[in-house]
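Chemist: Given next are the chains, with one letter for each unit.
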Amino acid sequence: MATRPKTDPYLERLRAIQAETTGIEARIDALESGYAIDADTVDKFIESQVSSRPARYDDFLAEGEIKDIALRHSQAMNKGVECDALDYALAAVCGLLSGLLDVLLVGSPGDGVLDAATDNMFGRMVKEFAGKMGWSPREGNEGSLQSAIGFLERNFKVGYDQAKHTDVGSVIKPLTPKNHHAKSAGHYPDIIGLIGSISNQFTDTSTFFDSKKGSFVYVAGTGKGVELKGDTVSAKVFAGFVNWLGHCMSDVTGSSGSQSRGQGLPIPFTEFFQLCNFGKFPNDEGQWQSFATVMTQVYEQGYDLRHGVAATFPVVINDLLVRAVFTLKRRFADGLSWEGCLPKGDSPEMQRMATVGVGAMCLVDLGMPL
Amino acid sequence: MTSWGSWVKFFGELNIAAWARFGMQGAKELQLAAEREDRNLLELNQQISDEWDELLERSRALLGD
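If you read the protein sequences in the order shown, they are chains S and L. So the first sequence is numbered by our numbering: it starts at 260 and just counts up by one. So the second sequence is numbered by our numbering: it starts at 597 and just counts up by one.
Any given hint might turn out to be false.
To be verified - Quick list of in silico lysine-lysine cross-link-like pairs, DSSO-like style, CA-CA up to 30 angstroms:
id, chain 1, residue 1, chain 2, residue 2
1, L, LYS624, S, LYS471
2, S, LYS432, L, LYS624
3, S, LYS416, S, LYS432
Stated by the list, open to error - Chain L stretches covered by chain S per the calculated footprint, using a threshold of three residues with CB under 8 angstroms from any CB of chain S:
id, segment
4, 609-621
5, 646-657
What the hints assert, rightly or not - Quick list of the computed label-pair ranges, beta carbon to beta carbon:
id, chain 1, residue 1, chain 2, residue 2, range
6, L, ASP649, S, ASP343, 34 to 40 angstroms
7, L, ASP649, S, GLY538, 56 to 62 angstroms
8, L, ARG654, S, ALA298, 21 to 27 angstroms
9, L, ARG635, S, ASP463, 51 to 57 angstroms
Derived from the structure by calculation, the hints contain no laboratory data. These figures come from a predicted structure and were not determined experimentally. C-beta atoms are modelled at their ideal positions from N, C-alpha and C, and glycine is treated no differently.
Extracted from the complex, chain S is given alone in its bound form:
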C-alpha cells in the first residue's frame, strides 16, 4: 500500500489541497506576526517543495494508521458466514443420514418402499378424481384402478396422444408406448405442458420433442375429432385446461392396459432434457448416445412423476433435520434464547448448513450407483 505505480487522482487532489492550506497557513502566520508575504512567492515555494513523484498514502497517514486501515479492509472483504466446525459437522451428518434413507427407502424406480407408497398414493388420487368426475364402476370394479383410468381416458381425450411413430408419419423416431409421454409436450405436468396442451387442442396439432435434433416438432391434423366445448375463447381455454388436467390424471399411473406399474407422467421441467442433443454416452453395445437419449431411456425404466415424488421425501427429511440441529445447537451449545435460535430462511448460517446437508446427501446418492 505504500507505493503506487500509477497516479491516484484522489491523492493528488488531496496533496494539492494540503499544499494550498499550507500556503494559506503560512500567510496567516505572517500576517499575525506583522508582515505580509506575497501570495505568488508562497505558492511557488510550496510547489517546489511538493515532490514530483505520485502522491502516496504515507504522505498523509502514519504507518500505524495505514496498517489499521489495511486490517479493517481485510476484515471487511473476508467477512462471511459465521458457521463453526460443529455446524458443518452436524449438517454433514444430517445429509449422510438422509442419503442413507434415500438408499434404503427410495432406490431404483419401482423398487423401494417409498416407491410403492407413492404408487398407492397416486392410485388413490386417480380413483378419487375419477369418482368426482362421475366414475361409477360396475359391481366388483369399485376398487379397480384400471377401471378408473379407463373412465378418465374415455372422457378426457386429447389429440396429441399418439403412441407410435407410425401415428405421426414417422417424423419422431423412436416414438413408442413406453416413451410417448416423455416425447409429447402436452403430457408434462407443468406450465409448459399446460401451454403446449391448450395450444395443441386449439390448433389441432401435436407438439413433440425430437431428441435427435434437440428441437420441437409440430404434427398437424391429429385431432381425431376432439373439439373444445364453449362459446367464447375463455370458455374454450378453460375446457382445454380441464381436458389437460383430466388427461394427466388418466396417465399419471400408467394406462388402463398396463401390465405392471405402467409409464406415468414425466417429472415437471424434465422436458429440457429432451432438448439436450449433446454428449456422447456409450450404451452396452458401445454405441454413442446423446444425453437426451439417455434420459429418455431413464424415463422408460420407470423414472416418472411417482418416483420423483418418492425421491423428495429424503430431501424434505434432510431439510427438517438441518433446521432442527441448527436450532438445538444454538440453544444448548451457544446458549441463545429460543427466539434467537429460530431457523429463519434469510440466515446465511442456515443457508450454509442447508447447502452442506444436501451436498452430503448428494455425495451419498452419487456413491450408490458407483
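Add chain L to chain S, keeping to what the hints say.
Modeler: Below, chain L alone, put in the same frame as chain S:
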C-alpha cells in the same frame, strides 16, 4: 452402476430432487456471496469516504485556526 457403459442405470439411481435442491442451494450461495461482496464494498467505500471527510475537516480546521 458397475461399469461406465450403463449410464441409464447411473442416472436412474440418482435422486433428481436432491440434485435439484443442491443446484438451488448453490445458486442461493452465489447470490448471498455476491450480496456480501456488495455490502462489504459499500462498507469499504463508506469507510474511505469517512476518512476523506475527516481529512477535509482537518484541512478546514487549519484554515479556521
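Chemist: Next, verify each hint and record whether it holds.
Modeler: Going down the list of hints, with the structure as the test:
1. L/LYS624 with S/LYS471: Cα-Cα ~34 angstroms, so violated.
2. S/LYS432 with L/LYS624: Measuring from Cα to Cα gives roughly 39 angstroms; hence the hint is violated.
3. S/LYS416 with S/LYS432: 23 angstroms, holds
4. 609-621: holds (count 10)
5. 646-657: holds (count 5)
6. L/ASP649 with S/ASP343: 34 to 40 angstroms: Holds, since L/ASP649 and S/ASP343 (Cβ atoms, about 38 angstroms apart) stay within the stated range.
7. L/ASP649 with S/GLY538: 56 to 62 angstroms: Taking Cβ atoms as reference, L/ASP649 and S/GLY538 lie about 58 angstroms apart, which means the hint holds.
8. L/ARG654 with S/ALA298: 21 to 27 angstroms: The hinted range 21 to 27 angstroms holds for L/ARG654 and S/ALA298, with Cβ atoms some 23 angstroms apart.
9. L/ARG635 with S/ASP463: 51 to 57 angstroms: With Cβ atoms ~55 angstroms apart, the hint holds.
Against the hints set out earlier in the document, violations occur for numbers 1, 2.
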